[in-house]
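Chemist: Mind docking chain S on chain X? Use the hints.
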Amino acid sequence: MDENLAVFIASTLRLAMPLILAAAGELVSERAGVLNLSLEGMMLTAAFFGALGSWATGSPVLGILCAVLASFVVSVVQAVLSVHWRANQLVVGIGFNILALGATTLLYRIIFGGLSREEIPGLAKLAIPGVSDLPFIGPALLQQSVLVYFGLACVVLIWWMLKSTAFGLSIRAVGDDPRAADKAGIPVARIRFQAVLIAGVMAGLAGSFLSVADINTFTENMTNGAGYLAIAAVIFGGWTVWRTLGACLLFGAATALQFQLPAIGIEMPTALLLMLPYLLALLAVAGVVGRRDPPTALTLPFIRGK
Amino acid sequence: MGAAADITIDTARAAEGRPLLALEGVSKRFGKLQALSEISLDFKAGEVHCLLGENGAGKSTLCNLIFGSHAPDTGLMRFQGREWSPSGPAEALQSGIAMVHQHFSVVPRMSVVENLMLGQARGRLRHREQAALIRAMTAKFGLDVNPDAIVGELSVGERQRVEIVKCLMREPRLLVLDEPTAVLPPEEIGALLDIVRRVADDGRAVILVTHKLAEIAKVADRVSVLRGGKLVTSLPMQGTQMGDLVRAMVGREVTSLESALASSLAGIARAEKQGDGPHKYALVCDGITVRDAGGAVRLDNFTLEIAPGEVVGLAGVEGNGQTELGRVLAGLSPPTSGRFFIGEAEMTHASAAQITAQGAGIVPEDRHAVACVTGMSLAENIFLNKLGQFTRFGLLNRTALTEAAKGLMQDYDVRAAGPEIAFGSLSGGNQQKAVLGRELTLDPLVFLLAAQPTRGLDIGAVEAVYRQIRLAASRGVGVLLISSELDELIAASDRILVLYRGKVVGEKPARPDQREAIGALMSGHA
Numbered sequence: 001m002d003e004n005l006a007v008f009i010a011s012t013l014r015l016a017m018p019l020i021l022a023a024a025g026e027l028v029s030e031r032a033g034v035l036n037l038s039l040e041g042m043m044l045t046a047a048f049f050g051a052l053g054s055w056a057t058g059s060p061v062l063g064i065l066c067a068v069l070a071s072f073v074v075s076v077v078q079a080v081l082s083v084h085w086r087a088n089q090l091v092v093g094i095g096f097n098i099l100a101l102g103a104t105t106l107l108y109r110i111i112f113g114g115l116s117r118e119e120i121p122g123l124a125k126l127a128i129p130g131v132s133d134l135p136f137i138g139p140a141l142l143q144q145s146v147l148v149y150f151g152l153a154c155v156v157l158i159w160w161m162l163k164s165t166a167f168g169l170s171i172r173a174v175g176d177d178p179r180a181a182d183k184a185g186i187p188v189a190r191i192r193f194q195a196v197l198i199a200g201v202m203a204g205l206a207g208s209f210l211s212v213a214d215i216n217t218f219t220e221n222m223t224n225g226a227g228y229l230a231i232a233a234v235i236f237g238g239w240t241v242w243r244t245l246g247a248c249l250l251f252g253a254a255t256a257l258q259f260q261l262p263a264i265g266i267e268m269p270t271a272l273l274l275m276l277p278y279l280l281a282l283l284a285v286a287g288v289v290g291r292r293d294p295p296t297a298l299t300l301p302f303i304r305g306k
Numbered sequence: 307m308g309a310a311a312d313i314t315i316d317t318a319r320a321a322e323g324r325p326l327l328a329l330e331g332v333s334k335r336f337g338k339l340q341a342l343s344e345i346s347l348d349f350k351a352g353e354v355h356c357l358l359g360e361n362g363a364g365k366s367t368l369c370n371l372i373f374g375s376h377a378p379d380t381g382l383m384r385f386q387g388r389e390w391s392p393s394g395p396a397e398a399l400q401s402g403i404a405m406v407h408q409h410f411s412v413v414p415r416m417s418v419v420e421n422l423m424l425g426q427a428r429g430r431l432r433h434r435e436q437a438a439l440i441r442a443m444t445a446k447f448g449l450d451v452n453p454d455a456i457v458g459e460l461s462v463g464e465r466q467r468v469e470i471v472k473c474l475m476r477e478p479r480l481l482v483l484d485e486p487t488a489v490l491p492p493e494e495i496g497a498l499l500d501i502v503r504r505v506a507d508d509g510r511a512v513i514l515v516t517h518k519l520a521e522i523a524k525v526a527d528r529v530s531v532l533r534g535g536k537l538v539t540s541l542p543m544q545g546t547q548m549g550d551l552v553r554a555m556v557g558r559e560v561t562s563l564e565s566a567l568a569s570s571l572a573g574i575a576r577a578e579k580q581g582d583g584p585h586k587y588a589l590v591c592d593g594i595t596v597r598d599a600g601g602a603v604r605l606d607n608f609t610l611e612i613a614p615g616e617v618v619g620l621a622g623v624e625g626n627g628q629t630e631l632g633r634v635l636a637g638l639s640p641p642t643s644g645r646f647f648i649g650e651a652e653m654t655h656a657s658a659a660q661i662t663a664q665g666a667g668i669v670p671e672d673r674h675a676v677a678c679v680t681g682m683s684l685a686e687n688i689f690l691n692k693l694g695q696f697t698r699f700g701l702l703n704r705t706a707l708t709e710a711a712k713g714l715m716q717d718y719d720v721r722a723a724g725p726e727i728a729f730g731s732l733s734g735g736n737q738q739k740a741v742l743g744r745e746l747t748l749d750p751l752v753f754l755l756a757a758q759p760t761r762g763l764d765i766g767a768v769e770a771v772y773r774q775i776r777l778a779a780s781r782g783v784g785v786l787l788i789s790s791e792l793d794e795l796i797a798a799s800d801r802i803l804v805l806y807r808g809k810v811v812g813e814k815p816a817r818p819d820q821r822e823a824i825g826a827l828m829s830g831h832a
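Keeping their order, the protein sequence lines are chains X and S.
With the working numbering as the guide, the letters of the first sequence map in order to residues 1 to 306.
With the working numbering as the guide, the letters of the second sequence map in order to residues 307 to 832.
Chain X with its partners taken away, still in its complex shape (with noise of 0.2 Å):
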């Protein structure tokens, strides 16, 4: 029992690491009035260009970094859409979304070819010699990719950011009262353009997460919705970042309960279980448990005067 415990609390962690990366990230992003959708598309740009990194220089490192530049990209275009061109945040989002689903799958199949699974370099779990060994916390919390406890380490940076920093209160306000912010003589557009660029190198984290760091392959659509449930995880989380990692967690824990309820002999319909991260996302999004008010501004463009 023990055993099966401190793999459940494992995998836990584990699946919901590119949710923690990715709603972290999204959350400055709606704290600073701007819903970035295209999450999903974020994710799936990065993970396989982390793949691609990794496999084309055979160091996962790179291949992260290679992550969060495609991502860095594709949020820097999200920004300058949403926040300069004041496009309608969803029709972007769903328009990237779709763009990165069509044009992953595309270069997949033209680099590594139709059906490979191949195998690209992936992160190292972290080793720490005498600790990791630790009995039930070891295997517990302690054997976990790098990029788990980086990931954990960013979330903390960006508690503290949001609720200590003149940075953060910027970002809170030009999601809360844009108009205020600005007479404050806060450069609205360029706090949005930044939070834009925030959420978009947490998701190139979080895509590279499930590339190189989790599975070591790269699969066609292989977010599968990851980038929205991280959006559901904010909204469940009420817009505060200790909340949205609870989300996700709980999210993960779900996700986790799909391999441990067989695992301890319990019979449950598989599709009941798949569907579970889903249904409390649904749940959580239509304010049935939780619900809180969000940034006042959240998906309003700001034009000066009007």
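Please note that a few of the clues may not be correct.
Stated by the list, open to error - One-sided and incomplete, this derived list gives chain X residues near chain S with beta-carbon spacing under 10 Å:
| id | residue |
| --- | --- |
| 1 | K163 |
| 2 | T165 |
| 3 | F167 |
| 4 | G168 |
| 5 | S170 |
| 6 | A173 |
| 7 | D177 |
| 8 | R179 |
| 9 | A180 |
| 10 | G185 |
| 11 | A263 |
| 12 | D293 |
| 13 | T296 |
| 14 | L298 |
Read the hints as simulated data drawn from the structure, not as lab findings.
Think of the CB as a built atom: it goes at the ideal place given N, C-alpha and C, for glycine as much as any other residue.
Modeler: Same frame as chain X, now just chain S:
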């Protein structure tokens, strides 16, 4: 910050006569509207300079030019001796000009400290040090603000003080206040004016925009009067008579509007008050009380009966409960307690659609936000409340709609290129006439609520609006007319109720000789 020494030097220089800010022939045009023409004015440190003028005189535009929200078309501004052409509010703030806007620029979900650090702090936030600074600042100027309070939970007066603290934290040489007293309950106005005085005495220049004379008498060193975008006069307050200012502001004796309006309305027959129609009352309000989210009473036990054919004016300075009453009667939010009836049918918890069906026409206070869809055509807007008449099997009969719209445009003198033009492209007066026409053509029509129906309209449109309202009354409609323009109320109503801090404090016949008595009630001196 830490610019106090510079300010003292500036004060010394200003004493020698050099203005802190000088405008030289500044003009600004918005489309067809010449908002400001050839304004030349000096503003000095240590002075409270009041800008006086009616709505639309150009006061706010002038402030926005100084603050960099707009750029002048022609003319020159000099600030501290150098040419002043700010790229935007950010540059103005950096250069020592701060502005308290009519609409607050505070973020409601943040605490006072966070709001004050916004745009000011760099790098890591230092909440505690900042809170201490705020306490020192508020003590100096007699502002009462708790740094840790969430702004959204504060009263209007407190929020405004946050705005003022925010401005003062930047140590401005020039503080601009755009109609700061318009939003305040009367008991907070005195405190605000004291603060303004202290800020000027501290060696800064203050521009105070207002259209209330009593405030000017209390605090101004110099008064400049704007009318129709032009500077009428600029005088030191000492030795200036109030009557002179009023004449400069309105460009005529105050009573003339009222008498012109009254004579134009006199031709319209007044309906028989003892209505022979189907209803005994058009509207009955029985003890309507409204509390806001914070539990404060906004409207207190409001009771009123309006007979068919009667026009009842509701006077009061804005923010004394009129908005809340309007929302209740329009079915937008139910009262906390009390009931109301339209033509004897209880409508207390009815929806807006049910209230309309019962025969209540509503001309809401904020026609842009509530009354119309600016992106739709004029014709569509005019018949928004009776599209069913033009629908067959779910399809809209556009030809009939357009024809009917033409008729209504003619009847209500709505001037537009045609019924298909976008509603938003109409002038304010024509928009209001269209909304009024739409509500007055409801069938049945028992009661009409007209809330601030002439706000922002020119005199011709004002007259047209009241003419239509009186005509409706002569057909037996009971009207509740809410306005802060007392002269208009006197001309258009049969009797006038005065609302002060949510309470009806008196009722007077709508006669010119009652003007002073009503004015006294409005300002709380009963």
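Chemist: Would you check whether K163 of chain X satisfies its interface hint, that is, whether its CB is within less than 10 Å of any CB in chain S?
Modeler: holds, 8 Å
Chemist: With a cut-off of 10 Å on the beta carbons, see whether G168 of chain X makes it to chain S.
Modeler: Interface hint status for G168 of chain X: holds (8 Å vs cutoff 10 Å).
Chemist: Was the hint right that T296 of chain X lines chain S, CB cutoff 10 Å?
Modeler: At about 7 Å, which falls below the 10 Å cut-off, the nearest Cβ of chain S leaves the hint on T296 of chain X intact, so it holds.
Chemist: Using 10 Å as the Cβ threshold, decide whether G185 of chain X counts as touching chain S.
Modeler: holds, 4 Å
Chemist: Using Cβ atoms only, decide whether R179 of chain X comes closer than 10 Å to chain S, and label the hint accordingly.
Modeler: holds, 6 Å
Chemist: Under the criterion of a CB-CB separation shorter than 10 Å, is A180 of chain X in contact with chain S as hinted?
Modeler: holds, 4 Å
Chemist: For the hint on D293 of chain X, does the least C-beta distance to chain S fall short of 10 Å?
Modeler: holds, 8 Å
Chemist: So, as I understand it, the hint says S170 of chain X touches chain S; can you test that by seeing if any CB pair is closer than 10 Å?
Modeler: holds, 7 Å
Chemist: Does A263 of chain X hold up as a contact with chain S if the rule is Cβ-Cβ below 10 Å?
Modeler: Violated - the Cβ of A263 of chain X stays beyond 10 Å from chain S, reaching only about 45 Å at its closest.
Chemist: Can we keep the T165 of chain X interface hint, with Cβ of chain S closer than 10 Å?
Modeler: holds, 6 Å
Chemist: Against chain S, with CB atoms and a cut of 10 Å, does the hint on D177 of chain X hold up?
Modeler: holds, 4 Å
Chemist: Holds or violated: A173 of chain X as interface residue toward chain S, Cβ cutoff 10 Å?
Modeler: holds, 5 Å
Taken one by one, the earlier hints fail for this structure at numbers 11 and 14, listed in ascending order.
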